Amino acid sequence: MQYYLLIPFLPLAAFVINITLGKKIIRKQAHWPSTLAVLGSLVVAVMVLMDVLAGKTLNEDLYTWIISDKFQVSVGFLLDQLTAVMLIVVTSVSFLVHVYSIGYMHDDPGYYRFYAYLSLFTFSMLMLVMANNFLQLYFGWEAVGLCSYLLIGFWYEKKSASDAGKKAFIVNRFGDFGFGLGVIMIFLTFGTLHYIPVFGDAGKFLNESVNILGLEVNLITLIALLLFCGAVGKSAQIPLHVWLPDAMEGPTPVSALIHAATMVTAGVFMVARCNPIFSLSPTAMGVVAVVGGVTALFAATIALVQNDIKRVVAYSTISQLGYMFLACGVGAYAAGIFHLYTHAYFKALLFLCAGSVMHAMGGELDMQKMGGLKKYMPVTYWTMLIASLSISGIPGLAGFFSKDEILFRAYAAGGVGKFAWLLGTVAALLTAFYSFRLIFLTFHGEFRGTEEQRHHLHESPKVMTIPLLILCVGAIASGWVGIPPLLGGGEHFSEFLAPVVGHPHGEATHAEEWMTMGISVAVALAGIIVAVVFYLKNPSIPVNLAKRFQFAYRVLWNKYYVDELYDLIIVRPTLFVAKNIIVGFTDGAIIEGIVNGLPRMVNRIGAQVRKVQNGLLQHYGAIMALGLFLILAILMIKYSG
Amino acid sequence: MDITIIKPILPEIVMAALACVVLILELFIHKKETIGVFAILAVAAVSYVIPQSFGSAFNGMFISDGYSVFFKFIFFINLILAVLISIRYLKIERSEFGEYYSLMMFATLGMMIMASATDLIVLYLGLELMALSTYILAGFIRHDRRSNEAALKYFFLGAFSSAILLYGITMIYALTGTTNILAIASQLQGKMTTQLILAIVFLVVAFGFKIALAPFHMWTPDVYEGAPTSITAFMSVGPKAAAFAALGRVFTTGLIDFAPDWRGILIALSILTMAVGNILAIQQSNIKRMLAYSSIAHAGYAVIGVIAGGAEGLSAMMNYLFIYAFMNIGAFAVVIMLRVEGVKGEELEHYRGLAKTHPLAAVLMLIFMFSLTGIPPTGGFIGKFYLFKAAVGAGYAWLAVVAVVFSVISAYFYLRVVMYMYMHEPEGEPAALATSTPLGLALLITTIMVIVLGVYPSPFLAFARLAIG
Chain A
2 MQYYLLIPFL PLAAFVINIT LGKKIIRKQA HWPSTLAVLG SLVVAVMVLM DVLAGKTLNE
62 DLYTWIISDK FQVSVGFLLD QLTAVMLIVV TSVSFLVHVY SIGYMHDDPG YYRFYAYLSL
122 FTFSMLMLVM ANNFLQLYFG WEAVGLCSYL LIGFWYEKKS ASDAGKKAFI VNRFGDFGFG
182 LGVIMIFLTF GTLHYIPVFG DAGKFLNESV NILGLEVNLI TLIALLLFCG AVGKSAQIPL
242 HVWLPDAMEG PTPVSALIHA ATMVTAGVFM VARCNPIFSL SPTAMGVVAV VGGVTALFAA
302 TIALVQNDIK RVVAYSTISQ LGYMFLACGV GAYAAGIFHL YTHAYFKALL FLCAGSVMHA
362 MGGELDMQKM GGLKKYMPVT YWTMLIASLS ISGIPGLAGF FSKDEILFRA YAAGGVGKFA
422 WLLGTVAALL TAFYSFRLIF LTFHGEFRGT EEQRHHLHES PKVMTIPLLI LCVGAIASGW
482 VGIPPLLGGG EHFSEFLAPV VGHPHGEATH AEEWMTMGIS VAVALAGIIV AVVFYLKNPS
542 IPVNLAKRFQ FAYRVLWNKY YVDELYDLII VRPTLFVAKN IIVGFTDGAI IEGIVNGLPR
602 MVNRIGAQVR KVQNGLLQHY GAIMALGLFL ILAILMIKYS G
Chain B
202 MDITIIKPIL PEIVMAALAC VVLILELFIH KKETIGVFAI LAVAAVSYVI PQSFGSAFNG
262 MFISDGYSVF FKFIFFINLI LAVLISIRYL KIERSEFGEY YSLMMFATLG MMIMASATDL
322 IVLYLGLELM ALSTYILAGF IRHDRRSNEA ALKYFFLGAF SSAILLYGIT MIYALTGTTN
382 ILAIASQLQG KMTTQLILAI VFLVVAFGFK IALAPFHMWT PDVYEGAPTS ITAFMSVGPK
442 AAAFAALGRV FTTGLIDFAP DWRGILIALS ILTMAVGNIL AIQQSNIKRM LAYSSIAHAG
502 YAVIGVIAGG AEGLSAMMNY LFIYAFMNIG AFAVVIMLRV EGVKGEELEH YRGLAKTHPL
562 AAVLMLIFMF SLTGIPPTGG FIGKFYLFKA AVGAGYAWLA VVAVVFSVIS AYFYLRVVMY
622 MYMHEPEGEP AALATSTPLG LALLITTIMV IVLGVYPSPF LAFARLAIG
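Residue numbers (this note's numbering), protein chains in the order written: chain A, 2 to 642; chain B, 202 to 670.
Rather than coming from a laboratory, the hints here were simulated on the basis of the structure. Only a predicted model underlies this, so the values are computations on that prediction, with no experimental measurement involved. Certain hints may be false.
If you anchor each label on the Cβ, the simulated ranges turn out as follows [as the list claims (entries may be wrong)]: (1) A:F586 x B:D458: 51 to 61 Å; (2) B:V544 x A:K639: 46 to 56 Å; (3) A:A499 x B:T558: 29 to 39 Å.
Derived lysine-lysine pairs resembling DSSO-like cross-links, with alpha carbons at most 30 Å apart [what the hints assert, rightly or not]: (4) A:K639 x B:K392; (5) A:K538 x A:K375; (6) A:K159 x B:K557; (7) B:K557 x A:K24; (8) A:K25 x B:K292; (9) A:K612 x B:K545; (10) A:K538 x A:K29.
Using N, Cα and C, we set each Cβ at its ideal position, and we do this for glycine too.
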């Protein structure tokens with residue numbers, strides 16, 4: 002199975018080629034190395050999937066980078082069912098985004114740079130999912146974060162873009178700090194960073210606890226929660242969700258690949274990967290479920306009123322990621338990964354459709370200025386409509402199966418799960434509503450933009466619409482591998498993943514399963530019908546509602562003022578401390594004193610010593626002799642005494 | 202005659218013969234590049250006979266073992282890279298004389314003999330051959346006063362140190378009646394005497410001179426600055442590595458019983474060297490001079506491997522020199538690239554805004570500067586990591602801490618070059634670069650090796666470990 006190494010290293014090679022030769026030589030052909038590389042990775046990923054389906058898995062260290070006693074830094078790969086699913090998701094979406102970008106980015110001056118970063122991202126993401134140890138996971142984790150930063154701020158001349166890049170990076174610091182501590186705790190506890198021994202030994206530490214500031218904390222719970230901190234940051238869950246909507250400043254293909262389909266789902270992947278640790282701690286599981294459920298609902302409410310087409314989809318992503326955590330939190334890891342996998346296709350599709358719309362509208366993002374685009378761009382319209390039906394959970398489409406699985410598992414788990422189920426079901430109603438609000442505002446009714454924009458309206462070129470059509474197939478059919486037995490399916494997906502993530506707990510009757518399914522279909526239809534009434538039949542209703550419930554509207558419009566809150570309690574105090582205390586006092590007096598004083602001292606010493614280096618041969622000889630006699634004298638005294 | 206007797210010394214014989222051939226070819230070939238290419242082919246020929254050479258010759262005066270072979274590969278790399286960076290540079294300096302390449306080969310021959318010598322007299326022969334060749338090379342730009350001055354200074358001080366070495370050898374002979382390094386230990390039987398103190402100190406000083414340990418480093422900055430840049434690169438790696446090979450062999454076999462004594466001296470010299478090298482490097486505005494001090498500092502780090510001793514310490518030292526060869530010559534190659542007709546390109550000022558005018562050159566310099574500082578994922582990090590680890594393992598954790606502190610100080614002057622390249626705006630018309638295919642090749646090799654050694658060091662580490670046996 003050695004050929005699996007091609008999967009990450011082909012994109013890495015493409016990165017090296019583009020970053021070194023792109024500017025001068027490859028230029029407008031920069032898509033070739035990157036796209037071909039990721040296509041190669043996709044092909045090999047399919048081969049790996051075949052092998053895994055045939056029952057072959059692999060866990061090996063390629064080599065050990067450095068060794069210091071027990072601490073080993075190895076580059077190693079774990080290929081099992083979970084990895085195989087992630088490989089397919091990452092390489093397939095990445096490939097389609099590469100193709101789509103040929104059209105979308107075609108006249109951008111940073112074309113080669115874009116493809117270089119895209120390849121670097123793909124490499125990092127693949128290293129992340131293929132890792133067999135926590136350190137490599139951490140490496141991939143940080144590397145995708147770096148690529149995300151580079152690509153959000155891709156148009157760095159635009160202040161909002163470079164600010165958004167910084168925001169994403171800094172907000173992720175909070176989560177990654179916890180994640181890093183978690184990795185360190187794992188090493189201290191288990192004495193290794195490799196998955197298999199860690200997961201195997203996790204049970205032995207079940208009753209151990211550590212003392213933090215006089216508080217006894219269960220060790221496993223602590224590790225799980227620290228790891229989850231990283232997931233909260235990377236997957237934009239409450240309270241660290243604030244960076245993802247801003248990340249929409251990046252080019253739209255980037256939003257589709259990094260901020261919808263792959264990088265943001267790394268948190269879910271990590272929790273699923275570490276399920277032997279999480280499952281041991283009911284406390285941590287409860288936290289994961291509640292954070293997921295609350296985020297699902299919370300982000301959906303914000304999406305109700307936003308007018309920026311990409312932001313609506315971004316909040317929708319946060320909300321859907323919440324579902325995935327909800328599933329993991331109730332022990333239904335397979336359902337979480339199943340949703341991750343279907344979501345990758347329909348959400349990437351939504352983003353790329355939004356990009357297609359922007360392309361036609363000359364970069365316009367405000368849905369209030371769109372309308373009636375249906376007749377100008379039929380392919381975009383129909384594919385986006387299907388993606389919206391899929392995310393709303395209309396039976397038969399991908400989103401239905403995965404979302405239904407999550408809601409049913411949550412219900413069946415009982416306890417916290419029932420509460421999470423309630424949150425998820427309400428969020429499903431809202432999801433259907435805001436998704437169709439987006440469709441109706443954008444594609445139906447009269448065009449509300451300028452005359453100039455109207456002239457420019459056109460369907461996107463084939464290189465962009467074909468990826469849409471392929472993703473559309475995914476949005477329809479990707480769920481068919483996980484049809485529940487109730488509907489005559491075989492639950493192949495969760496059976497496939499069972500060796501890695503086990504089976505979910507909780508029992509429920511067929512009647513209850515029918516009930517949860519019926520409710521989720523009913524709320525989806527209800528959401529769509531309300532959107533039809535509001536935005537097709539009687540557009541005055543939403544306007545009146547907004548006036549009537551001005552307070553609620555404003556809170557939602559301003560995203561619950563979370564950004565403002567953070568600005569008040571974190572950003573401003575930090576800046577205040579930075580300006581007045583750190584720059585003024587610590588930096589000015591202490592650090593500058595040391596940093597500048599030490600070199601100044603060193604410089605002064607140097608200047609003195611330098612005088613000895615005067616170029617005179619006889620002095621040099623004399624100093625040599627002096628050194629010799631000095632050493633001799635010391636040794637002689639030592640031995641005579 | 203039985204050919205097997207000379208088998209261990211066959212690589213040296215081939216090298217000597219081919220060096221003579223190159224010397225004669227000079228008379229017939231007018232395109233001097235061709236001679237450079239021939240020198241590289243000679244290395245290939247010598248490498249070819251090395252695998253058959255293992256064994257000992259001349260009643261144990263000469264040995265070809267893993268240890269010496271590892272060092273010989275460092276010398277070959279040093280020679281090849283130095284030839285590659287010389288070809289265009291010599292034209293610019295208008296010093297294209299064919300004996301240049303044969304002198305380099307003779308110097309390399311001297312180094313090979315030093316690495317293989319198991320007898321102090323043979324060791325001395327190798328050292329003199331190496332030294333005399335490099336004296337001439339240092340003064341090779343005959344019309345440049347600085348170059349002449351460098352050669353003269355190097356020669357006088359070198360002669361001084363040779364005398365010290367011979368004095369040390371005499372003392373050893375007087376005590377033991379042998380000059381065989383392996384036999385010394387059994388003759389001395391661990392007895393400390395005044396004469397032995399003299400011998401140890403003289404040997405330390407003589408090798409310290411070649412390695413450029415403070416306070417015996419005084420020649421280094423002047424010679425390195427004055428010599429042709431390609432020779433500076435050559436000298437900063439090869440002769441140093443050869444002296445390390447000799448130091449390692451003499452002290453960890455012949456004088457191993459007196460380790461506590463020479464270890465103390467070396468520790469003191471190592472710290473002093475790191476201090477002098479790093480602190481004075483900060484002062485420099487001339488890149489060649491800065492790299493001269495930097496190479497002094499690096500010798501200070503590498504000595505830690507000998508201090509730590511044992512297979513781990515020695516292999517760490519060997520690795521370090523191996524990695525150092527690539528990163529140091531790489532840095533000099535960039536310096537050479539900036540040397541064009543009419544522009545010396547040696548001052549820090551010349552690097553102002555290089556990232557804007559010549560981005561590729563800037564990236565390469567950045568990689569070498571990072572590596573010299575010891576920042577992962579470059580080879581320099583791996584080298585330092587294993588050196589310091591060996592020190593910790595041998596109970597010298599505090600010495601490792603001192604070395605780390607000096608590494609931090611070194612970041613100041615290495616990264617200053619980076620700052621000049623990336624954070625300053627270029628001034629005036631950007632000068633063209635003196636690129637050429639051989640130089641490009643040298644840069645390619647050094648860059649790739651610096652990265653590969655940083656990312657995938659295990660095979661090289663294993664090689665050094667195997668060489669120690």
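Against the structure, the hints:
1. A:F586 x B:D458: 51 to 61 Å: Given range 51 to 61 Å: holds, Cβ gap about 57 Å.
2. B:V544 x A:K639: 46 to 56 Å: Check passed, 54 Å falls within 46 to 56 Å.
3. A:A499 x B:T558: 29 to 39 Å: This hint is violated: roughly 60 Å between Cβ atoms.
4. A:K639 x B:K392: holds (15 Å)
5. A:K538 x A:K375: Holds, because 17 Å separates the two Cα atoms, which is no more than 30 Å.
6. A:K159 x B:K557: Holds, at roughly 21 Å.
7. B:K557 x A:K24: holds (13 Å)
8. A:K25 x B:K292: Since the Cα atoms of K25 (chain A) and K292 (chain B) sit roughly 29 Å apart, the hinted pair holds (cutoff 30 Å).
9. A:K612 x B:K545: With Cα atoms ~25 Å apart, K612 (chain A) and K545 (chain B) stay inside 30 Å; holds.
10. A:K538 x A:K29: With a Cα-Cα distance of about 48 Å, the restraint between K538 (chain A) and K29 (chain A) is violated, given a limit of 30 Å.
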